[in-house]
Amino acid sequence: MNKQKLVIIGNGMVGHRFIEDFVDKADLDKFEITAFCEEPRVAYDRVHLSSYFSHHTADELSLVKEGFYAKHNIEVLIGERALTINRHEKVIHSQTGRAVYYDKLIMATGSYPWVPAIKGNESKDCFVYRTIEDLNAIEATARRSKKGVVVGGGLLGLEAAGALKALGVETHVIEFAPVLMAEQLDFQGGQMLRQKIESIGVNVHTGKNTQEIIASGETARNTMKFADGSQLEVDFIVFSTGIRPQDKLAKQCGLATARRGGITINNQCKTSDPDVYAIGECASWNEKFFGLVAPGYNMAKVVADDILCRENEFTGADMSAKLKLLGVDVGSIGDANGRTPNCKSYVYLDENSSTYKRIIVSEDGKSLLGAVLVGDTESYSNLLQYTLNDIELPKHPDSLILPEHAGCGDAGLGVDALPDSAQVCSCFDVKKSDIADAVSAGHSTIGAIKMETGAGTGCGGCIPLITQVLNAELTKQGVEVKNHICDHFEYSRQELFHLIRIEGIKTFTALLEKYGKGYGCEVCKPTVGSILASCWSDYVLSSDNNGLQDTNDIFLGNMQKDGTYSVIPRMAGGEVTPKGLAAVASVAEQYELYTKITGAQRIGLFGAHKSDLPDIWKQLIAAGFETGQAYAKALRMVKTCVGSTWCRFGVQDSVGLGVELENRYKGLRTPHKMKFGVSGCTRECAEAQGKDVGIIATDSGWNLYVCGNGGMKPQHAELLASDLDKQTLVKYLDRFMMFYVRTADKLTRTSVWLQNLSGGIDYLKEVIVDNKLGINKQLESDMADAIASYQCEWTATLSDQAQLQHFTHFINSDKQDDNVVFTPERGQKRPAFFDEKAPVYKIELEQV
Amino acid sequence: MSKWTQVCELKSIFPATGVCALVEGKQVAVFRPSEESQVYAINNMDPFARANVLSRGLICQHQEQLWVASPLKKQRFNLLDGSCLENTEVNVEAYKARVTDGFVEVHL
Ligand SMILES: Cc1cc2nc3c(=O)[nH]c(=O)nc-3n(C[C@H](O)[C@H](O)[C@H](O)COP(=O)(O)OP(=O)(O)OC[C@H]3O[C@@H](n4cnc5c(N)ncnc54)[C@H](O)[C@@H]3O)c2cc1C
Ligand code: SF4
Ligand code: FES
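Protein chains in written order, with numbering that gives the first Met the number 0: chain A, 0 to 847; chain B, 0 to 107.
Careful, some of the hints might be misleading.
Below, a sample of chain A positions facing chain B; criterion: calculated Cβ distance under 10 Å [claimed, not checked]:
no. : residue
1   : Lys64
2   : Arg129
3   : Ala801
Calculated cross-link-like contacts (lysine-lysine; reagent style DSS-like; alpha-carbon spacing at most 30 Å) [said to hold, decoys possible]:
no. : chain 1 : residue 1 : chain 2 : residue 2
4   : A       : Lys430    : B       : Lys73
5   : A       : Lys247    : A       : Lys123
6   : A       : Lys250    : A       : Lys2
7   : A       : Lys505    : B       : Lys95
8   : A       : Lys247    : A       : Lys89
9   : A       : Lys164    : A       : Lys595
10  : A       : Lys672    : A       : Lys617
11  : A       : Lys836    : B       : Lys10
12  : A       : Lys814    : B       : Lys73
13  : B       : Lys72     : A       : Lys712
14  : A       : Lys516    : A       : Lys505
15  : A       : Lys394    : A       : Lys430
16  : B       : Lys72     : A       : Lys323
17  : A       : Lys24     : A       : Lys617
18  : B       : Lys73     : A       : Lys70
19  : A       : Lys323    : B       : Lys25
20  : A       : Lys776    : A       : Lys814
21  : A       : Lys516    : B       : Lys10
22  : B       : Lys2      : A       : Lys814
23  : A       : Lys672    : B       : Lys73
24  : A       : Lys4      : A       : Lys89
25  : B       : Lys10     : A       : Lys70
26  : A       : Lys836    : A       : Lys64
Calculated directly from the structure, the hints in this document are not laboratory data. Ideal Cβ positions, reconstructed from N, Cα and C, are used throughout, including at glycine.
For reference, chain B alone in the conformation it holds in the complex (with noise of 0.2 Å):
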């Protein structure tokens, strides 16, 4: 069965920083990139070091798109959908994210 969970208030994260939420038993990265209400979820683990950093990296934009940098050794991850900018067979989940009457939700 899939579902919305609801994670935290929109205000709680930052502008341009993450945050990590235990969804389902998941650790899940959400992204709030701006001061907007978009926000991305993927997972948190870092697959190279295999360490739940990724919302404590940097978010950053490249080709146009967003990403975020691991803090341990800076590999790249898509916001969108998890695909690695520096190996391409390395990925991490992707789910989906919105932003609902200022709370941040998550769907697996």
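Same shape as in the complex, but just chain A (with noise of 0.2 Å):
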């Protein structure tokens, strides 16, 4: 039988996912694949494109597991472009050349960024946003750069002005609409956020026609013209003025595209040409085309289902939006703008908060048409559910939007009230009868249902959403929702620690019988390890338990992705004296171990072999070094400025002071890994308001912050008590870690555990330091007990030979791991990459 012909042009967000779709829904046999991919690379997650920016490898973004297409049998043209279709003859010539037959074709191609046409915007320093090789030299060009600008005050231009900032230079952005974001707010709305942005350092100017850039300027690189006669000096200029589909390809063979741009496509997502369909922002459906990715992948699913002669179609879309933008809140639903005649208003704002929101409602006051939320999205979903299945409004539709002091009760829409028809997950298109049935078939937990049915596996905008309909679900079955840490335990981690420590539970085993079920997972096995470890110390090294940790708390090392490990010694406070630099040079050398400064003020050294390590260690802790505990969930380090010992403004000694309390929390298991900071005047040099323990020097005394975080949500830390002598200061902490280890659930940092403390910072100020719950002095005692009990994970190790036996790789021979290879980059090493390694592990993994 001859195989059907698929090809794909484009392999961006939604070329991907038909692929995906169509290789779990068809049987393959019968279809060849080939896709065109202009870019460099496979596709890759362009929605969270600003993300690159902080981890930098396109890796991480990409929407393509490892050896996907290969094993499917799909040939991705990597690079290559596709230039001309001849429908006539059913065949697509590419740039190089090739020419490649089908029987089906679906356009994939995405859209371009549109550039108004203003004079000098051919310049070198002029930019897009869309692509990975744009950031790379928005980069590039920003690091010799001062100031930055952002044409364009839409959503996407102000996510780019949220680079730029991050990218360290003074940002502008240039609206030539009276408002930002006024396609989705209304006039207010964008004031609000202006404001906001303002604050943080972002200069707005709205009402701006730009009218040419000139290539010189006194202060900067370019000189920017405005039609009212102004100007600005800036080095550089990202574009963020619209998108436009990419229908050239179309126009070429003659396909029809609407007026607005974009291939026009049917229910189906056929063009008028029925072999071929569009899908994603190059099409246009009813005059329309969406720059969103979640109508793509309806597309997408709507197509790979009508190749497989199954039905389904594409109905339109929802364009609401919620996100963050330069770390406000914002979000838009429907009718933003209030345009549909007769409709009326409820508006909340509150200048003191810096929030602003508005529903719009229809004449009788019955249904939600639209909203905009400024600086608080709490009620973005309810409310969505709102428009998208029109329920019916309560008599008083603000109560929807009003604080709850306002003492209105609550308005929330209980899930109960959406229909089961009702879209949960709209990047997956998930409804909550998909959800209910995942639940009925026993389906208990947001991790379960997430692999079942998709949801919340994209934005994850909706897990809230989905967490309330799953506990609904379950409250309708007659299952009690709690916080069970998973199946083996109906325990919260709270529950377990007081169970263990007052029934003096000392091991996993006891703790299983006497109040669990089943073997235990890689869920409860660490907790409940950590859980043992912070009560009773000696537990953390004891080799019966080795089953309970993971790797990094056997072997004492980060497990890096090749499976070596970090070895990575304790230098309180960031201090480290010469000698000890050149003990870790010279073991870092002997062991080649890739060498670089963390982000936690000390040496890491990478790629150290798992049997190397004792030895590795012997001779670091000769050297006077001690483990770091970069591997557990404990306190890491404290960050310090060097005070007023060296710094002309310092005003205590924020180094010795971030030494002494390094030393004496470090080992204590805690719920997540921990890190301090301390500065020494209020410049805040070591950010400490970014850390789960900030403390401050004022001239007399020291300001204790606590529960801020940096890492992906970056919280402000709060402000605990002022003033502080050091004594105080040392008790107040003790109380705080140990209330912390006791209280708070599984994984998570202070600062979600102080979000979910009811009461807050205020609650947490009256059991430190008023005694209200009168624990405090349980508290003291119990952290004077761990202090006294510390000792060096590492040192103990070398001294146990049954725990030494399992460093080797092979229990049964003296081998090293012959998949571990290293590539030489930068004057170091990096691990290799699959394809760089010897071809005998090709064929060995061929035969898994």
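Using the hints, build the complex out of the two chains.
If you want it as structure tokens, here you go:
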């Protein structure tokens, strides 16, 4: 039988999703699939493009599982652009001269940034913001620039502005309209957004029509001239002035296109040629194209179904959006500008906390037409469900946006009010009924629901709603909803902590027998392991308990992606002697370890074979180092600035305090990792307010901040007490640390813990400072015990023969893992990519 | 020719952990879920990360069966047949394993 030839032009988000969906549904023996991919890499997550600036590897953004295409025999022509389509002969020619024949063609060419015809816009200082290559170019330029500007104050423009800000350049935004995000927000919402953005240091210029860019300036490389006669000097310019569907090829081969651009499609996503489909941003349905990924994903599904002769159709998409732009929560739903005739609005404005909310309701007050939310988007998913499912509004619709203290009760729409057909996850088009079905089929955790339905695995914005639906369904089925840590224990971490502590339970097996069921799993084992470790400190090393620990805790190093480990000795407060440095250098040289200063003011050595770890640590310990516990959920380090000892501004010895605190709390196992910071004056060079514990020197003592966080969800720490002397500071800290250890859920950072603590920071103050619960004596003495039993885990391990045996890679051979291969890079080494390794490994893998 | 290969003493595997053994040039992860002398063997390579690490994962129970969670990204592989809980299209080779006279043996 002849295979049917499918060709996809464009391997972006939607093109790839089509292939995934098709692979899932079709009998691949009947098809031959080829994809043209113009970009130099396979599909990646454009939605999270900006995160490329923070981690810098294209791999992390990739949407394609390694080996996915090869496994399914799909040919992806990377770096190859389709140049012409001959629909008569059904053949496509690419820029390399290749000819590819098709039976069915799917166009997924996306869109391109549209740049207005401004004189000077072709300068090498002008950029757009769409691909990884664009970002590389912007970053390289930003490095040698002081001032950057984004032209376009829409959604993408503000995202680009956030990126410029993060790159450390003075950032400006130019908008033609009188407000920001005119598409999604009304005037007042736009104003509020502007105020918030300006307050974090982005300069906003609205109502500016750029006329010319001149390649000279007094303070910067270029000068922008505006229609109102004003001008602005900038080094570089990023255009974000809208996108246009990429329909050039379609026009070339005579397919119908829409007036405002885009390849015209019907409900089956077929173009004017029944053998050609178009999906994603390049397609125009009902004279509309969709600049969001979810509608494209739906089109991809429709086409896969259509090719397989299953019924499905595309019926439009909702363009509501909720995002965080430059740290500001923004939401826009439906008719945000109130353009529906005779509609009415309710507005809530709080200039104190910079919150603006407006809902637009129908003339009869029964249905919600649209909403604008700035500064607080908590009610977003609630409101969205009202519009999507046309649910009748409550008698006083304003109760939906009024704050809790207004006292109109919980206006939240119970998930029960949602019809079964309500779409809960728009990325994967999962309905309420799909989740209910999954729950009836026995999937009773968020993890299981995600795996079963796909819901929540895209942007993740729907997870709160999924949780609500899940809990409601469970309650309906008579299951009581609890924060059980897993299927093996019907207790939360906090409950387990108290059981272990009060009953003096010392092993996992004993706990399982008494309070659990089954064998245990990768969730409860390490959680219990960590509780046992914080309650009974000698626990960490005992080899009977190896089976509970993550590999990092057993081998006392962080496992890296190739199975090697990192070696990070403690350098309390970031201090290290020249002699110490020399010892580290000599070990690194001897074992050829990649060496880097980590984000935590200390030196990390990477790429150590497990079997070399004991020798490496023997040498480091001999040179006076001890383990830095970088592998553990424990206090990682205390970041300090040089403080009053050296700095001319310093008012207290921040390094001295930092060293003391790091040594005091090192080794204590905590629910999640912890970081401290100590700054010698209010200039805050140690960035202490972004840490779990932040201490800032004042003229008369120390201010103590708690529960801040850097990382994925930055959170400012909150002031717990001010102007403390050192003794009181340490006392409060002992209490704070132990209270967190006792009460936090598994893997909960302090910031999230505080958010969930009812009463928040005020309650925490009452507990720690005013001894509201009467437990402070206990907390302090628990801490004293923990401190007294500290030992360097590496020193202990080196004297434990049974444990040392397990450091060889093989139990029955002295060989090392020959799949650990390195490649030189910038004078050091890095793990080799798979295709850089010797061919023997490829053969080995194919058999697997 | 298929044969059983002796790998190590049972007691050198701590209960609830695994070790890696070299058998006919292959890296085999051998697990001992409990005090009992029940052992399991699967290939040591995590097919997602392509690193030889599975023997260092945590043994866990789901759907009444035993699995090992990869120490890298926590995908779980069935100790009996090597199938992956997260992705039915991926699996690792599983081998026969037994304990004879206090020694662990593997059969490729
Ligand atoms: C910074 C940024 C942030 C975003 N944030 C969000 C968001 O929060 N939410 C949201 O829903 N959407 C967001 N989007 C939009 C989202 O990324 C797009 O909707 C989505 O990528 C569209 O997918 P697509 O496959 O249609 O197009 P694309 O992902 O653009 O893929 C099209 C691909 O086709 C290739 N191509 C074009 N012509 C040819 C040819 N002739 N031959 C070979 N290949 C060709 C292109 O090079 C491109 O790789 C964002 C976009 C950007 C740039
Ligand atoms: S925080 Fe103050 S004391 Fe510390 S380095 Fe900065 S300016 Fe100096
Ligand atoms: S809405 Fe994006 S993952 Fe569900």
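Going down the list of hints, with the structure as the test:
| no. | hint | in the structure |
| --- | --- | --- |
| 1 | Lys64 | holds (8 Å) |
| 2 | Arg129 | violated (29 Å) |
| 3 | Ala801 | holds (8 Å) |
| 4 | A:Lys430 <-> B:Lys73 | holds (28 Å) |
| 5 | A:Lys247 <-> A:Lys123 | holds (25 Å) |
| 6 | A:Lys250 <-> A:Lys2 | holds (29 Å) |
| 7 | A:Lys505 <-> B:Lys95 | violated (35 Å) |
| 8 | A:Lys247 <-> A:Lys89 | holds (18 Å) |
| 9 | A:Lys164 <-> A:Lys595 | holds (26 Å) |
| 10 | A:Lys672 <-> A:Lys617 | holds (26 Å) |
| 11 | A:Lys836 <-> B:Lys10 | violated (36 Å) |
| 12 | A:Lys814 <-> B:Lys73 | holds (26 Å) |
| 13 | B:Lys72 <-> A:Lys712 | holds (21 Å) |
| 14 | A:Lys516 <-> A:Lys505 | holds (17 Å) |
| 15 | A:Lys394 <-> A:Lys430 | holds (27 Å) |
| 16 | B:Lys72 <-> A:Lys323 | holds (28 Å) |
| 17 | A:Lys24 <-> A:Lys617 | violated (56 Å) |
| 18 | B:Lys73 <-> A:Lys70 | holds (22 Å) |
| 19 | A:Lys323 <-> B:Lys25 | violated (49 Å) |
| 20 | A:Lys776 <-> A:Lys814 | violated (53 Å) |
| 21 | A:Lys516 <-> B:Lys10 | holds (26 Å) |
| 22 | B:Lys2 <-> A:Lys814 | holds (22 Å) |
| 23 | A:Lys672 <-> B:Lys73 | holds (19 Å) |
| 24 | A:Lys4 <-> A:Lys89 | holds (10 Å) |
| 25 | B:Lys10 <-> A:Lys70 | violated (40 Å) |
| 26 | A:Lys836 <-> A:Lys64 | holds (19 Å) |
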